[in-house]
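Could you slot chain D onto chain Y? The hints should help.
Number of protein chains: 2
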Amino acid sequence: MSAPRNKAAIIGGGVIGGGWAARFLLNGWDVAVFDPDPEAQRKISEVIGNARRALPALYDRAMPEEGVLTFHDDMAEAVSGTLWVQESVPERLDLKHKVLGALSDMAPQEAVIGSSTSGFKPSELNEQGARAVVAHPFNPVYLLPLVELVGEPDRTEKAAGILRSIGMYPLTLRKEIDAHIADRLLEAVWRESLWLVKDGVATTEEIDDAIRMAFGIRWAQMGLFETYRIAGGEAGMKHFMAQFGPCLSWPWTKLIDVPEFTDELVDLIAGQSDDQSGHMSIRELERLRDDNIVGMVRSLKRTGSGAGGVVKEHEAALPEGETKDGLPVTVRRQVPTSWTDYNGHMNETHYLEAASLATDNLMALVGADAQYVASGKSYFTVETHIRYLDEVHAGDQLLITTQVLSGEGKRMHLFHRLWRKDGTLAATVEKMLLHTDLKTRRACPPDELVAQALADMAASHSGKTAEGAARYVGQPRETA
Amino acid sequence: MSAPRNKAAIIGGGVIGGGWAARFLLNGWDVAVFDPDPEAQRKISEVIGNARRALPALYDRAMPEEGVLTFHDDMAEAVSGTLWVQESVPERLDLKHKVLGALSDMAPQEAVIGSSTSGFKPSELNEQGARAVVAHPFNPVYLLPLVELVGEPDRTEKAAGILRSIGMYPLTLRKEIDAHIADRLLEAVWRESLWLVKDGVATTEEIDDAIRMAFGIRWAQMGLFETYRIAGGEAGMKHFMAQFGPCLSWPWTKLIDVPEFTDELVDLIAGQSDDQSGHMSIRELERLRDDNIVGMVRSLKRTGSGAGGVVKEHEAALPEGETKDGLPVTVRRQVPTSWTDYNGHMNETHYLEAASLATDNLMALVGADAQYVASGKSYFTVETHIRYLDEVHAGDQLLITTQVLSGEGKRMHLFHRLWRKDGTLAATVEKMLLHTDLKTRRACPPDELVAQALADMAASHSGKTAEGAARYVGQPRETA
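Residue numbers (the numbering used here), protein chains in the order written: chain Y, 552 to 1031; chain D, 552 to 1031.
This is chain Y alone, in the form it adopts within the complex (with noise of 0.2 Å):
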């Protein structure tokens, strides 16, 4: 953990500049802010406030330490020793010429020199000789995924490797084209959006509805080809084309021309934006979206599907294998709003969700694995008791140690510790396992290698008192 630290420099620190900066602070790095905006510290601070408090919500494990975060006036002291240098200023070409120049003069010759533009391509970008790539993020950049690289192919494969040890989806377009790939699909339908509005068709909340009760759905999680591919049925695309096809040189695409951008249409649009969303602040705004994406990116993991997918590739390369007090940490990771219920704290469910990810993780510790698991062998639970001691709550730093206290025959008797940050037991989880058949459905022992392995760890854990054991449910203290 005391290996020097990457680093990287933000150029420009707005909603999207702040949210590059807590992607790589959360991944560890050290991160040199340049803004001349008197606020950058406090929007940035903000920004990181909301990325600490979700992005860690996604995994299972524990992120590395934080990296250190400094401001400064002067942009090479920003850019000196730098791996990564992302410049997010305004969409002026001419701002972004002068910028772009100034870096690729002052930052090191080996770092990737990414521009968070919208709109530009590299060609226009570096049409005066600087050595930018665009590297096109989307807000929360701390939580989704997706990274447009567009650019010299030796820089944009530097950038990608970066990227992904970061968490990040990088996606190398083909050719460079205005506004890349998705901004040409969003800008597709903020026009077509604009109309409706315009036309008096529908508000800004009913088209709101629109996306978020239907394709939005489904768009979060296998995007428009794939879905379409299932809706041609067993037939497939083809089918689908062969349907909607011709819909092209229906009136349905009579609206593309582009509405004028007069201030009426920018007072309706905000006056139905006011109406739908003004009882909740931007700061409200932000945290439910941020619950709500962390929910569904979790639930994604499950399939592996999407941002789900990435996430879960991501935690497997965090690093484990720490002990306490001479046990195995089994979980280290934050605790997610998610887990949280109407008492303010988290859900007696969750204590149990924690130790059950400490049981699989114990169980691959002594080589009942996922490999073991899919060669027809596992452990069943049978019985569990809990102990609720503390309160945990969203945010909190939850540490579990797993104490073998027998492991003989079939069975396998573990006994989970749940601490809070502060040094707090936060409950005990007491457990017996029977090792299955998982064809039979029926107990069985477990093989050579795994039954040795829990042996010895049973032997080296024995000499710890595992205080809260062997108790029933409303058992007297006295008699313990």
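Some hints could be false.
[Stated by the list, open to error] Simulated crosslink set (DSSO-like; lysine-lysine; CA at most 27 Å straight-line):
| hint | chain 1 | residue 1 | chain 2 | residue 2 |
| --- | --- | --- | --- | --- |
| 1 | D | Lys1015 | Y | Lys789 |
| 2 | Y | Lys789 | Y | Lys875 |
| 3 | D | Lys749 | Y | Lys749 |
| 4 | Y | Lys649 | Y | Lys726 |
| 5 | D | Lys649 | Y | Lys990 |
| 6 | D | Lys852 | D | Lys961 |
| 7 | D | Lys863 | D | Lys709 |
| 8 | Y | Lys863 | D | Lys852 |
| 9 | D | Lys789 | Y | Lys594 |
| 10 | D | Lys961 | D | Lys1015 |
| 11 | D | Lys972 | D | Lys928 |
| 12 | D | Lys863 | Y | Lys852 |
| 13 | D | Lys672 | Y | Lys749 |
| 14 | D | Lys649 | D | Lys672 |
| 15 | D | Lys749 | D | Lys649 |
| 16 | Y | Lys789 | D | Lys594 |
| 17 | D | Lys875 | D | Lys789 |
| 18 | D | Lys852 | Y | Lys852 |
| 19 | Y | Lys672 | D | Lys594 |
| 20 | Y | Lys972 | D | Lys990 |
| 21 | Y | Lys961 | Y | Lys990 |
| 22 | Y | Lys1015 | Y | Lys961 |
| 23 | Y | Lys1015 | Y | Lys972 |
| 24 | Y | Lys928 | Y | Lys961 |
| 25 | D | Lys789 | D | Lys852 |
| 26 | Y | Lys928 | Y | Lys852 |
| 27 | D | Lys852 | Y | Lys749 |
| 28 | D | Lys749 | Y | Lys726 |
By construction, these hints were calculated from the structure, which means they are not laboratory data. Computed from a predicted structure; not experimentally measured.
Here is chain D on its own, set in the frame of chain Y:
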């Protein structure tokens, strides 16, 4: 439960008609299908099979008993006695005229006649005297709540009431327009995407990734305008418009032409789609999609956003109040796939999750409900003992009864029994809770009414032995 069931007729039984059939059937309606296709019965049965697996998994309460599904060769027989008739025949205006005309003659006067048309306006559908409304759903109809309603206000109002009662989200358009709202947006994205593939900028898979790794996730929960409101930051929607409005006249919109729909383009798209998804059958893709949707919508239930809010509201309207063996039934629900694990059965955590829901419902039964909690008092679990007696699988019906072992002073001692539908006792969950002041976080006595209701329930349950209570983990059977 013996009231006469409502009846719907489904005219045309493809993927969409089958989805409608499943939606009505699983909400307790009888469904009569008319479709001359000899394969209709098989196709609809497959859709309903998917729906049985997924729709009840969205709910934490039991859905109504399924209605009866029948197939008819005679359209008049199919529509007799219906409250809803849904037409989902191919998208040809002459065919719609013929079918909707016949249905308008045959169906009961009070029945809603809905058309699943993606593109036609009610004025077109009814130009030969039919009395249909557009009721445009989204695939999979049994999971996605949106239905776009267009037509005469008295007809759409009646239709909206029925759709809400089967868990859907009616969105009534203010004006008729070709392709309604959602398909206008979809068509715009489809058009841009075809250009991107045709021009070699991206493959179908890359476009899907651009969507599902980024804005698809945003749109599943908030839609377009609310997302942009957040992007505008503290300055809000007007600021966003000022920043990005001008893009409408930038080169981003140069691709608003319609690409020519050649065989070459069809082959290009179909080939790329095969490369992307050809390793999975359509059935497998459907199940993956459904699992993803169920998981995401369940996570949105927590915040009440989008489709999660729709399910939450519908769930609250589902009946409760059952008893079994003289004990209150505190949970009756289907086990979702997302509750299972690598051992091919319900994960240990979700035995407790179900029991935790049962505890919430028991609390509500004695008056410690959401309102009571909002007043600053609640029960906290301090100890739990679970005996896992048998396996539970995805799709199983789970029923929980709750016995109050004692309820004196601050303590509430509960014993949950988890039953499978086949009558097998799958687990017992014994819990001790303490009544707690939510401000001081200290134990305190409950309100008089709650204390009394709890004591009454404990007295009425006292005749029953709770076998397996007061045991510790690993306790030998003979010492019980």
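Verification of the hints:
About 64 Å separates the Cα atoms of lysine 1015/D and lysine 789/Y, which puts this hinted pair outside 27 Å; it is violated. Restraint check for lysine 789/Y and lysine 875/Y: the C-alpha separation of about 58 Å exceeds 27 Å, so the hint is violated. Of the pairs offered as hints, the one joining lysine 749/D and lysine 749/Y is violated, with about 32 Å between alpha carbons and a cut-off of 27 Å exceeded. At roughly 25 Å between alpha-carbon atoms, lysine 649/Y and lysine 726/Y fall within 27 Å of each other, so this suggested pair holds.
Taken as a hint, the lysine 649/D and lysine 990/Y pair is broken in the structure, with Cα atoms around 56 Å apart against an allowance of 27 Å. A hinted pair counts as satisfied when its Cα atoms are at most 27 Å apart, and lysine 852/D with lysine 961/D does not qualify at roughly 31 Å. Of the pairs offered as hints, the one joining lysine 863/D and lysine 709/D holds, with about 22 Å between alpha carbons and a cut-off of 27 Å not exceeded. Note on lysine 863/Y and lysine 852/D: the hinted pairing holds, with a Cα-Cα distance of about 23 Å set against a maximum of 27 Å.
Distance restraint check for lysine 789/D and lysine 594/Y: the Cα-Cα separation of roughly 19 Å lies within the 27 Å cut-off, and the hinted pair is therefore satisfied. The hinted pair formed by lysine 961/D and lysine 1015/D meets the criterion: a straight-line CA distance of about 23 Å does not exceed 27 Å. About 35 Å separates the Cα atoms of lysine 972/D and lysine 928/D, which puts this hinted pair outside 27 Å; it is violated. Taking the CA atoms of lysine 863/D and lysine 852/Y, the gap is about 23 Å. The hint holds against a cut of 27 Å.
For the hint linking lysine 672/D to lysine 749/Y, the alpha-carbon distance of about 19 Å falls within 27 Å, and the restraint holds. With a C-alpha separation of about 16 Å, the suggested pair lysine 649/D and lysine 672/D falls inside the 27 Å cut-off, and the hint holds. Only pairs whose Cα atoms come within 27 Å are accepted, and lysine 749/D paired with lysine 649/D is rejected, the gap being roughly 38 Å. For the proposed pair lysine 789/Y and lysine 594/D, the alpha carbon gap of about 19 Å is at most 27 Å, so the pair holds.
Under the criterion of a C-alpha separation no larger than 27 Å, the hint pairing lysine 875/D with lysine 789/D is inconsistent with the structure, at around 58 Å. Among the hinted pairs, lysine 852/D with lysine 852/Y is consistent with the structure: their alpha-carbon atoms are about 18 Å apart, no more than 27 Å. The suggested pairing of lysine 672/Y with lysine 594/D is violated, with an alpha-carbon distance near 48 Å, which exceeds 27 Å. Distance restraint check for lysine 972/Y and lysine 990/D: the Cα-Cα separation of roughly 23 Å lies within the 27 Å cut-off, and the hinted pair is therefore satisfied.
Pair hint lysine 961/Y plus lysine 990/Y holds up; C-alpha atoms about 16 Å apart against a cutoff of 27 Å. Taking the CA atoms of lysine 1015/Y and lysine 961/Y, the gap is about 23 Å. The hint holds against a cut of 27 Å. As the CA atoms of lysine 1015/Y and lysine 972/Y are separated by approximately 22 Å, the hinted pair is consistent with the 27 Å bound. For the hint linking lysine 928/Y to lysine 961/Y, the alpha-carbon distance of about 11 Å falls within 27 Å, and the restraint holds.
As the CA atoms of lysine 789/D and lysine 852/D are separated by approximately 31 Å, the hinted pair breaks the 27 Å bound. Only pairs whose Cα atoms come within 27 Å are accepted, and lysine 928/Y paired with lysine 852/Y is accepted, the gap being roughly 24 Å. Between lysine 852/D and lysine 749/Y the alpha-carbon distance is near 32 Å, which puts this suggested pair outside the 27 Å criterion. Taking the CA atoms of lysine 749/D and lysine 726/Y, the gap is about 12 Å. The hint holds against a cut of 27 Å.
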